[in-house]
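Student: All chains should be built: construct the whole structure from the sequences, respecting the hints.
Going by this note's numbering, the sequence shown opens with residue 133, and the numbers climb by one from there.
Wrong hints could be hidden among the right ones.
Straight line, CA to CA, 16 Å or less: simulated EDC-like cross-link-like pairs of lysine to aspartate or glutamate [claimed, not checked]:
{"no.": "1", "residue 1": "K201", "residue 2": "D184"}
{"no.": "2", "residue 1": "K182", "residue 2": "D165"}
{"no.": "3", "residue 1": "K144", "residue 2": "D213"}
{"no.": "4", "residue 1": "K201", "residue 2": "D165"}
{"no.": "5", "residue 1": "K212", "residue 2": "E135"}
{"no.": "6", "residue 1": "K157", "residue 2": "D213"}
{"no.": "7", "residue 1": "K218", "residue 2": "D165"}
With beta-carbon atoms standing in for the labels, derived distance ranges [stated by the list, open to error]:
{"no.": "8", "residue 1": "K157", "residue 2": "K212", "range": "17 to 27 Å"}
{"no.": "9", "residue 1": "G216", "residue 2": "K144", "range": "17 to 27 Å"}
{"no.": "10", "residue 1": "C166", "residue 2": "I191", "range": "11 to 21 Å"}
{"no.": "11", "residue 1": "T205", "residue 2": "N164", "range": "14 to 24 Å"}
Just so you know, these hints were derived from the structure itself, not from any lab.
None of the values given here were measured: they were computed from a predicted structure.
In this text, a Cβ means the ideal position worked out from N, Cα and C, and glycines have one as well.
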Amino acid sequence: MTEESKNNWTAKFNRACSSVLPIAKNRVGACNDCGACCMLPTPCPFLRWKDDGKSYCKIYLVRPPNCRKYPRTEKEFITKDVCGYKFV
Numbered sequence: 133m134t135e136e137s138k139n140n141w142t143a144k145f146n147r148a149c150s151s152v153l154p155i156a157k158n159r160v161g162a163c164n165d166c167g168a169c170c171m172l173p174t175p176c177p178f179l180r181w182k183d184d185g186k187s188y189c190k191i192y193l194v195r196p197p198n199c200r201k202y203p204r205t206e207k208e209f210i211t212k213d214v215c216g217y218k219f220v
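Tutor: Rendered as structure tokens:
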């Protein structure tokens, strides 16, 4: 297993574990369908793209909690430059 592969699995594990925690109260905004969070740490197999460049989730209604809650806190918010959510 390569170092990059180990890091990807560690990141996935950390996101899955933290997904049971509540969303920070100072999070505002809404998803803008950029797809950036669906690429963390590797592209999600359920991520699809529309002709207009926006993304959508093939399993949106049953997506896992770590997808539903991203970004849960400002600390884990690594897609600030493109995401529709903000922390105030």
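Student: Any hints this thing doesn't respect? Which numbers, in order?
Tutor: Of the numbered hints given earlier, those the structure breaks are 1, 3, 5 and 6, listed in rising order.
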